[in-house]
Amino acid sequence: MSGELDLATTWFLAARTMACGGEKISIAEEAAAGLFARAILGLDEESCIAAKSKEHMQSLTLIDCMSMAAKLPRGTADQVMAGVMMIAYSAASMQPLQVRWASMLASAMDMTEDRFQRCCVNARVISSMLPHEQEAVGG
Amino acid sequence: MADTTGNFDFLVKYDDRVAHLARQAEAYVHSDPDSALFKLRLMVETMARTLVDMEAPHLVDSDLTVMLRSLQRSGLLGRREADEMHAIRRDGNAAVHGYDSTTPTAMRRLVDAWRISRWYARMVKRGAKVDPPPFKPPPAPAQGAGQRAARAKAEVLEEAVEARRDRTRAALLLFGQDDDIKAMRWRLRGELRALEFVAVAAGEPIVDADFVALVMAMDLEQILEHPSWGRSSQEAKASVEQQFEAFKGAHADAEQEYLLERASLAREARSTEH
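These protein sequence lines are chains A and B, in that order. Residue numbers 5 to 143, in our numbering, belong to the letters of the first sequence in order. Residue numbers 93 to 366, in our numbering, belong to the letters of the second sequence in order.
Calculated directly from the structure, the hints in this document are not laboratory data. It is possible that some hints are incorrect.
[Unchecked claim] In silico SDA-like links for lysine to any residue, alpha-carbon gap of 20 Å or less:
1. B/K340 to A/D48
2. B/K329 to A/H60
3. B/K274 to A/S132
4. B/K274 to A/M133
5. B/K274 to A/I29
6. B/K329 to A/R122
7. B/K274 to A/S63
8. B/K340 to A/S132
9. A/K28 to B/K329
10. B/K340 to A/S63
11. B/K329 to A/D118
12. B/K274 to A/S57
13. A/K58 to B/T157
14. A/K28 to B/H122
15. A/K28 to B/G167
16. A/K28 to B/K340
17. B/K329 to A/I29
18. B/K274 to A/I31
19. A/K58 to B/R261
20. B/K274 to A/T65
21. A/K28 to B/G170
22. B/K274 to A/E27
23. A/K58 to B/I273
24. A/K58 to B/G167
[As the list claims (entries may be wrong)] Output of the computed footprint for chain B on chain A, the stretches with three or more beta carbons under 8 Å from beta carbons of chain B:
25. 14 to 27
26. 51 to 65
27. 110 to 123
[What the hints assert, rightly or not] Examples of chain A residues toward chain B, derived with CB under 7 Å:
28. G38
29. R42
30. L45
31. R104
Every residue gets a Cβ at the ideal spot worked out from N, C-alpha and C, and that includes glycine.
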């Protein structure tokens, strides 16, 4: 896999897991994930689409996701973690399975508590800034 | 006004104002696509207002974007209908703001409006059996070779733009249009539960749920002025704003280019009429 596709795969798998760990997948969570990938992680359309293709995603487990997350450079890992937390903040709630997923991802990224807290605060800031994707880019 | 094909006749018994706007749009689709788009935009706004009045009456005087967002959040408006309504909003706004439109654009939005109308009829009269005959495109008046050529070019442009928008949308969705989200959710939650057992046995989690909840409850101003996180969160905010604006700007530039090209094709089509 190319570096860009690796990052897109890690991001969408981590983000989907966070969204699925909650009670109900909200429009806000759905909307925030794609914009984050394109605008903040700087992923191109091709990588985002390829990462989400059924054939590509179907064979991957959360262990694969954590293994890919562990290989991310520190700055990118922090961005991914902030994005994952942003999904919870967009929905304004966090369920126990979501706390567990964030924690396992943080462990995989070898994150300290302090680093995690910074990601968490940044996530809260970002969640207030991303509008609905249909409004941003048209239906 | 030219005779219509009766595509929206079924709508009269559910909402005659909306049906009237749809029929007007249908009648103008060949002769005046700008007016057709304007009528469709008004039609969508009327639909949204009626639905918002049922769900969240305090938002009934809001603009269309706010009403659509509210309907989506309430779960009343699905992704497909929202996409179609936003497409009509966007092209209607362009027409109102003086960008010339073409018949292929208006025709696409008319088909969108017909699909939304079936859904809308079911929404305003729950349990209603709404089964109109298939959509029939309003017949085009006789055209000269120049007009046909201009229209063919507009069709090609419209196809290309729709394909580009579809890709943009596909890239932005968290799940694919055809994904079985329920099955995917079930699988991922199952994996999470299994990992939960391992994690509990392995030791302490890094995440402090109380801290997460505290940050969730804080106002943005509190965070940005916080002695420990204030500076880094201000930097993060500035950086995200910049990145997001750059992304929106690139998209807006592409849309603007499309509107100008479309306007030029509309002028070309008009000039061949004389």
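Cβ contact check, 8 Å cutoff: the stretch 51 to 65 of chain A against chain B, three residues minimum:
Our answer is that it holds, as 6 residues pass the Cβ test (under 8 Å) against chain B, meeting three.
For B/K340 and A/D48, compute the direct alpha-carbon distance and say whether it is at most 20 Å.
holds (14 Å)
Hint check: is the beta carbon of A/R42 less than 7 Å from a beta carbon of chain B?
Check passed: Cβ of A/R42 comes within 6 Å of chain B, closer than 7 Å.
Given the proposed pairing of A/K28 with B/K329, does the C-alpha separation stay at or below 20 Å?
violated (28 Å)
Pair hint A/K58 and B/G167, alpha-carbon separation not exceeding 20 Å
With Cα atoms ~26 Å apart, A/K58 and B/G167 exceed 20 Å; violated.
Three or more residues of the stretch 110 to 123 of chain A near chain B by CB distance under 8 Å?
It holds, with 8 qualifying residues against the three required.
Need the status of pair B/K274, A/S132: alpha-carbon distance at most 20 Å?
Not OK: B/K274 and A/S132 at ~28 Å, beyond 20 Å, violated.
Can the restraint linking B/K340 and A/S63 be considered satisfied, given a maximum Cα separation of 20 Å?
violated (33 Å)
Could you grab the alpha-carbon distance between B/K274 and A/I31 and see if it respects the 20 Å cut-off?
Given that 20 Å is the threshold and the Cα spacing comes to 15 Å, the pair holds.
Next pair to validate is A/K28 with B/H122; report whether the Cα-Cα distance is within 20 Å.
violated (44 Å)
Checking one constraint from the list: CA of B/K329 to CA of A/H60, max 20 Å. Satisfied?
violated (33 Å)
20 Å Cα cutoff - pair A/K58, B/T157:
violated (32 Å)
In terms of the numbered hints stated before, the structure departs from hints 2, 3, 4, 9, 10, 13, 14, 16, 17, 24 and 30, listed from lowest to highest.
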